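*Asks:* Sequence:
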Amino acid sequence: CFGPAYEFAMIVDTDLSRRKVRDKIHIKFVTSEPYIGHLGLGGIGDSKGLLESEMRGRHIPWITNAKTNKFEEGKAFVSELNDDGSVKKEHEVEFDVAMMLPSFFGVDAVAQVEGLCNPRGFVMIDKHQRNPTYKNIFSAGVCVTIPPVEATPVPTGAPKTGYMIESMV
1118 CFGPAYEFAM IVDTDLSRRK VRDKIHIKFV TSEPYIGHLG LGGIGDSKGL
1168 LESEMRGRHI PWITNAKTNK FEEGKAFVSE LNDDGSVKKE HEVEFDVAMM
1218 LPSFFGVDAV AQVEGLCNPR GFVMIDKHQR NPTYKNIFSA GVCVTIPPVE
1268 ATPVPTGAPK TGYMIESMV
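Sequence positions in the sequence shown follow the numbering used here and run 1118 to 1286.
Each hint should be verified, as a subset may be incorrect.
[Stated by the list, open to error] Calculated lysine-lysine pairs in the DSS-like style (CA-CA distance at most 25 angstroms, straight line):
1. K1137 - K1165
2. K1145 - K1192
3. K1206 - K1145
4. K1184 - K1206
5. K1252 - K1206
6. K1141 - K1205
7. K1145 - K1184
8. K1187 - K1206
[Unchecked claim] With beta-carbon atoms standing in for the labels, derived distance ranges:
9. F1194 - P1264: 29 to 39 angstroms
10. F1125 - V1230: 16 to 26 angstroms
11. K1137 - V1227: 24 to 34 angstroms
12. G1258 - D1200: 47 to 57 angstroms
13. E1267 - N1186: 39 to 49 angstroms
14. G1191 - P1272: 21 to 31 angstroms
15. L1133 - F1194: 37 to 47 angstroms
Hints were generated in silico from the structure; no laboratory data involved.
Only a predicted model underlies this, so the values are computations on that prediction, with no experimental measurement involved.
Backbone N, C-alpha and C define an ideal beta-carbon position, used for all residues, glycine too.
Make the full structure from the sequences, and use the hints.
*Replies:* Have a look at this one:
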């Protein structure tokens, strides 16, 4: 889910501005989304324009299609990808403080059951919320697989909150 990353960046920006130190602190937004405002959903309305405008207004530059390769003390190594998945540019992003939203994985207790879960540990289901391998297992909620809305150079996946609820009714 990408919303919390935007929320965090804007909360930090607002707090630093209130403390009158924002002009001394550089914030950079690095995301696997193919563009700002994609949100794992291919955008929502004018989310691209609205969020780009908000980030510009707050002087927060961004790197999209970003694949984080590794972290070292005070530095993140990030590959910015082209739309075809090839490397467009390598970045060394320096920081004093960083916030990373890790990939979401399913629960180990069920993730290792052959035919129950996908490689990320989420229960595979059909249109009736039933697992195709184990017909007596029904699943709903955050534990189930949700197909991505579209293919992206860096896999984003669909958020497992509001989209999930709407797709299950």
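*Asks:* Compare the structure with each hint and give your call.
*Replies:* How the hints compare with the structure:
As the CA atoms of K1137 and K1165 are separated by approximately 29 angstroms, the hinted pair breaks the 25 angstroms bound. For the given pair, K1145 sits about 12 angstroms from K1192 by alpha-carbon distance, which is consistent with the 25 angstroms threshold. Restraint check for K1206 and K1145: satisfied, since their Cα atoms lie roughly 16 angstroms apart, inside the 25 angstroms limit. Between the alpha carbons of K1184 and K1206 the distance comes to roughly 11 angstroms, so the proposed pair stays at or under 25 angstroms and holds.
Proposed proximity of K1252 and K1206 is contradicted: the alpha carbons are some 47 angstroms apart, above 25 angstroms. With a C-alpha separation of about 30 angstroms, the suggested pair K1141 and K1205 falls outside the 25 angstroms cut-off, and the hint is violated. Restraint check for K1145 and K1184: the C-alpha separation of about 15 angstroms stays at or below 25 angstroms, so the hint holds. Distance hint between K1187 and K1206 is fulfilled; the C-alpha atoms sit about 15 angstroms from each other, no more than 25 angstroms.
At roughly 30 angstroms, the beta-carbon separation of F1194 and P1264 lies within the given 29 to 39 angstroms, and the hint holds. For F1125 and V1230, the Cβ-Cβ distance of about 35 angstroms falls outside the hinted range of 16 to 26 angstroms, so the restraint is violated. For the hinted restraint 24 to 34 angstroms between K1137 and V1227, the CB-CB distance of approximately 50 angstroms leaves it violated. For the pair G1258 and D1200, the beta carbons lie near 33 angstroms from each other, so the given range of 47 to 57 angstroms is not met.
Judged by the Cβ atoms, the range 39 to 49 angstroms given for E1267 and N1186 is violated: they are separated by roughly 24 angstroms. Distance hint check for G1191 and P1272: the Cβ-Cβ separation is about 27 angstroms, which falls inside the suggested range of 21 to 31 angstroms. Under the hint 37 to 47 angstroms, the C-beta atoms of L1133 and F1194, about 25 angstroms apart, miss the expected range.
This entry does not satisfy hints 1, 5, 6, 10, 11, 12, 13, 15, going by the numbered hints stated previously.
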